[in-house]
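If you read the protein sequences in the order shown, they are chains A and B. Here my numbering = 1-based position in the first sequence + 126. Here my numbering = 1-based position in the second sequence + 126.
Wrong hints could be hidden among the right ones.
Chain copies aren't distinguished; within one or between two, either way the pair holds.
Keeping only pairs whose Cα atoms sit at most 35 Å apart, straight-line, the calculated DSBU-like set for lysine-lysine is [as the list claims (entries may be wrong)]:
| hint | residue 1 | residue 2 |
| --- | --- | --- |
| 1 | LYS130 | LYS178 |
| 2 | LYS138 | LYS149 |
| 3 | LYS243 | LYS174 |
| 4 | LYS129 | LYS222 |
No wet-lab data here; the hints were simulated from the structure.
Each chain, letter by letter, is given below.
There are 2 protein chains.
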Amino acid sequence: MLKKYFKDVENKSATLTDGTPVKDVYVRWLIDENDGAINFAMRRFEIKPGAKVPLHGHVQDHEIYILTGNGVFYNDSGQEEIVNPGDVVYIPPNEKHGINNSGSENLVFLCLIPYLKE
Amino acid sequence: MLKKYFKDVENKSATLTDGTPVKDVYVRWLIDENDGAINFAMRRFEIKPGAKVPLHGHVQDHEIYILTGNGVFYNDSGQEEIVNPGDVVYIPPNEKHGINNSGSENLVFLCLIPYLKE
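If we strip away everything but chain A, and leave its shape as in the complex, we get (with noise of 0.2 Å):
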């Protein structure tokens, strides 16, 4: 059993899956491969007010629980989420998504991602 609290955790500029860094977004790895996990990983994103996560897809699924803020969840097909504290959100493998913090203070969620093997 491993404990931390997840302000010791490093609050780490965000990139995309292929790396390409997202201007005011930070993410914590919470749990990860480094802590012996080898099914899914759990992060922690926070979002400034006013930034943006652009449209982007990955095979991976997502599982998403909101902290605090508020946003706008979106995908390529016309869909759009308004998402408060305590709302989740799951994004299927390959589906295009993007994240605009509309409110005034941080958007901050958990969103966990899979470790695929063959």
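Fit chain B to the known structure of chain A by using the hints.
Showing chain B alone in chain A's frame:
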């Protein structure tokens, strides 16, 4: 993309992985196979004050994020961890673990578990 609010998901009496009921412990399966999630599931647990999840084990690992309340996670090696909001716990595969709500309010946490494949 699928969005829901956690309160719109049924809060069920919890059971251990072998089906044993656990008194005063409730679980919402926020994202699971019914949503198309094939890699892992997101559950939100509520443990009432004084309630306990007894020591038990299984092959699935757990990734846990404490939302509210206070409690103790322990294993069968004598390790005990006091948890508070913002704490993260990783429980490896097959490590026996138990949880006590040692506080005066509900102990609420997200607990994610893989769907294992051969």
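Each hint, compared with the structure:
no.: 1; hint: LYS130 / LYS178; verdict: both (28 Å within a copy, 22 Å between copies)
no.: 2; hint: LYS138 / LYS149; verdict: within (11 Å within a copy, 41 Å between copies)
no.: 3; hint: LYS243 / LYS174; verdict: within (33 Å within a copy, 38 Å between copies)
no.: 4; hint: LYS129 / LYS222; verdict: both (33 Å within a copy, 15 Å between copies)
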